[in-house]
Each structure stands twice: as structure tokens, then as C-alpha cells.
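K.L.:
One-letter residues, chain by chain:
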Amino acid sequence: MTVPDVMMLFVTVLGGTAALLVVTSRNVVHSALYLVVALLAVAGAFLTLGAEFVAWAQVLVYVGAVVVLLLFGLMLTRAPIGPMAQGNELGRALPLAVSIALFAVLVTLIFQSFSGTTISLTHVSPAALGEVLYVAFALPFMALGLLLTLALIGAVVIARREEGEGPLPEPDEEPSDAAALREPTPSDVSTVPGRPAPSGEREVSA
Amino acid sequence: MEAVYPLTFAALLFSIGAYGLLSRRNAVLVLMSLELMLAAVTINLVTFGAIAGDGLLTGQVFALFVMAIGAAEIGVGIAIILLIYRNRASVNIDDADLMRY
Numbered sequence: 303m304t305v306p307d308v309m310m311l312f313v314t315v316l317g318g319t320a321a322l323l324v325v326t327s328r329n330v331v332h333s334a335l336y337l338v339v340a341l342l343a344v345a346g347a348f349l350t351l352g353a354e355f356v357a358w359a360q361v362l363v364y365v366g367a368v369v370v371l372l373l374f375g376l377m378l379t380r381a382p383i384g385p386m387a388q389g390n391e392l393g394r395a396l397p398l399a400v401s402i403a404l405f406a407v408l409v410t411l412i413f414q415s416f417s418g419t420t421i422s423l424t425h426v427s428p429a430a431l432g433e434v435l436y437v438a439f440a441l442p443f444m445a446l447g448l449l450l451t452l453a454l455i456g457a458v459v460i461a462r463r464e465e466g467e468g469p470l471p472e473p474d475e476e477p478s479d480a481a482a483l484r485e486p487t488p489s490d491v492s493t494v495p496g497r498p499a500p501s502g503e504r505e506v507s508a
Numbered sequence: 039m040e041a042v043y044p045l046t047f048a049a050l051l052f053s054i055g056a057y058g059l060l061s062r063r064n065a066v067l068v069l070m071s072l073e074l075m076l077a078a079v080t081i082n083l084v085t086f087g088a089i090a091g092d093g094l095l096t097g098q099v100f101a102l103f104v105m106a107i108g109a110a111e112i113g114v115g116i117a118i119i120l121l122i123y124r125n126r127a128s129v130n131i132d133d134a135d136l137m138r139y
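If you're matching them up, the sequences are chains A and B in order. All the letters of the first sequence, read from the start, carry residue numbers 303 to 508 under my numbering. All the letters of the second sequence, read from the start, carry residue numbers 39 to 139 under my numbering.
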């Protein structure tokens, strides 16, 4: 076995163990921390395959940003820290059967199709990848930037509503000035200075 | 290196992610399992790009694209989960049945 083979075996064991702990850990915060290990193992696999820039982007984007976002999601939803309620037996046995069958089918197909194929491990420098990204793939790259911007705006718009607004979202007719960002809750709606209480739409939510 | 090693790693991550996606009840943990499956897809893209060995590095470029789309998806997903939590006081995906039937 050559050095890259040992490296790939190592990240496979590490990533597989961490991923198993992600999906089986009772503690949700431990799941998020095991996800860090699993994604770092994926970055190690990228490094072994010679994709240097993709590996560091994986570390920056996933380990740096996405896991922090998931931890924020766990904290903001006040998820029960600690052992959580177990599903019924069917709720565990059926997914287990599905995933084992999926893994068996995938591995069988992989070994049938690629058992003789070898990869020539050439190191791709970030400069070469950047040149391809900004010349040949310039338009998709810009479209991706637009998509990220729109997704961020959409996430803000979705998550912005205040707590007292009730279970059903109302039609969005608030003025778009800065005062609208701090929407009064139904309890203090009559005490907001300078703004008449929007009576029509408030009655719906109260 | 044999091409089957990274592909097996990707298949392992994908299957484990599928198990978590189906068995977990907390919506944030479902998103984590989805992240594992996306990571498996990026490993596959980089591996097939290395097998093809094209000058345009298509595999790595599309791995980056999948990564960016995954980040956008996590942002929107967390926002939706927060909204559901605000309205229903629960992140159990079985409780989010407002649009059922």
C-alpha cells in the first residue's frame, strides 16, 4: 500500500466512524461536533486526491460556517440538550434496512464498474483552479454568487417575523422603513410613539 | 490509487447520511445528515474529475458549486426551521404537518 492509500483508508475509517456518531448520538450538540470531524475527514480525502483548494474551501465553508450555523439553529430552537426521545422500533429498523441496502447496492456497483480503474494523483494548485473558475466557468460562477445572495436575502425574510405575530403569517404590508424592522407585538402595539396603530391587520393577529 | 477507495468512502457517507435523514426526528439533525450526503457527492465529483483528468478541472469546479449551493440550502433550511419553531414551538419534523392532506 502506498502512502495515499493509507491516507485514504485512514480518512475513510475516521469519517465513517464520525458520521455514524453524528446520526446515532443522543446528544444533539455532540452530533454537531462529530459532524466537524466527519467533514474534516472529507477535506482530508480531498487533499489526498490532490484537490487542494476544494479541501480548504471545505474546511472554511463547512467546518467554519455551516457547523456554526447548525449550532446556532440548535441553540435558537432550544433543542433538548441531552438524551432525546427515542422513536419507535420501526422508526429505526426501516431506515437501517434502507441504508444498508443502499450501501450494498452502491458498493457492488462501484466494484463492478471501477475495480480496475486507477487515479493519477496530480496536485491541482489553487492558481490553476482559480484560472479555470474565472475564465471558463465565469458565468456559472457569477450565477452562483447571485444564488447565494438571493438565498441569504430569502433566509432573512423568512426568519425575520416577530414572535407575537401568530401562527399564520399576515400579508406583508408594513412600510419598509427602519421602524418596521422592530414590529410591535400585540401587547404593546398601542404604546408605540409616533406611529398610529395599524388597526386593521393587528386585529387579525391578536 | 485505486478509484474504488474514495468511491467506497463516498458510498459509506451517503448511506450513513440516508440513515440519519430517515431516522432522526429533530429537523436540525436532519439537516446535518443532509450535509453528510452532500459531502459524499462532492467526494464523488472530485474522484470522477481525477479519473477523467480533463484540463478544465470540471470535477473540482462542480464540487465547489455543490458546496456553495449546500451552504445556501443550510441557510434557508435553518430559517425555515426557526419559523416552524416559532409557530409550533417544536422542531420535530412530525409536528410540521400543516400542509398535509
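The set of hints was computed from the structure by calculation and includes no laboratory data. Some hints could be false.
What the hints assert, rightly or not - Reference excerpt, derived from the structure (chain A facing chain B, CB under 7 Å, subset only): (1) Val308; (2) Leu349; (3) Leu362; (4) Val363; (5) Leu376; (6) Met377; (7) Arg394; (8) Gln414; (9) Ile421; (10) His425; (11) Ala429; (12) Gly432; (13) Leu435; (14) Gly456.
A virtual CB, placed ideally from N, CA and C, is assigned to each residue, including glycine.
K.L.:
Given a cut of 7 Å on the nearest C-beta pair, is the interface hint for Ile421 of chain A held or broken against chain B?
P.N.:
holds (5 Å)
K.L.:
May I ask you to test the interface hint for Leu435 of chain A with respect to chain B, counting a Cβ-Cβ separation under 7 Å as satisfied?
P.N.:
holds (6 Å)
K.L.:
Would you settle whether the hint for Leu362 of chain A is holds or violated, based on the nearest Cβ-Cβ distance to chain B being less than 7 Å?
P.N.:
At 10 Å from the nearest chain B Cβ, Leu362 of chain A fails the 7 Å test, so the hint is violated.
K.L.:
For the restraint on His425 of chain A, tell me whether the closest CB of chain B is nearer than 7 Å.
P.N.:
violated (11 Å)
K.L.:
Taking 7 Å as the limit, does the beta-carbon of Gly432 of chain A come near enough to a beta-carbon in chain B?
P.N.:
violated (10 Å)
K.L.:
Does the CB of Ala429 of chain A sit less than 7 Å away from some CB of chain B?
P.N.:
violated (12 Å)
K.L.:
Given a cut of 7 Å on the nearest C-beta pair, is the interface hint for Val363 of chain A held or broken against chain B?
P.N.:
At about 6 Å, which falls below the 7 Å cut-off, the nearest Cβ of chain B leaves the hint on Val363 of chain A intact, so it holds.
K.L.:
Min Cβ distance, Gly456 of chain A to chain B: is it shorter than 7 Å?
P.N.:
holds (6 Å)
K.L.:
Tell me if Arg394 of chain A is really an interface residue toward chain B, meaning its C-beta lies closer than 7 Å to one of theirs.
P.N.:
With a closest approach of 6 Å, the Arg394 of chain A hint holds.
K.L.:
So, as I understand it, the hint says Leu376 of chain A touches chain B; can you test that by seeing if any CB pair is closer than 7 Å?
P.N.:
Since the shortest Cβ distance to chain B is 5 Å, the answer is holds.
K.L.:
Grab the minimum C-beta distance from Met377 of chain A to chain B and call the hint holds if it beats 7 Å, violated otherwise.
P.N.:
Result: violated, 10 Å to nearest chain B Cβ.
K.L.:
The hint names Gln414 of chain A as touching chain B; please verify it with the least Cβ-Cβ distance against 7 Å.
P.N.:
Because about 10 Å separates Gln414 of chain A from the closest Cβ in chain B, which is outside the 7 Å limit, the hint is violated.
Violated hints, in rising order: 1, 2, 3, 6, 8, 10, 11 and 12; the structure is consistent with all others.
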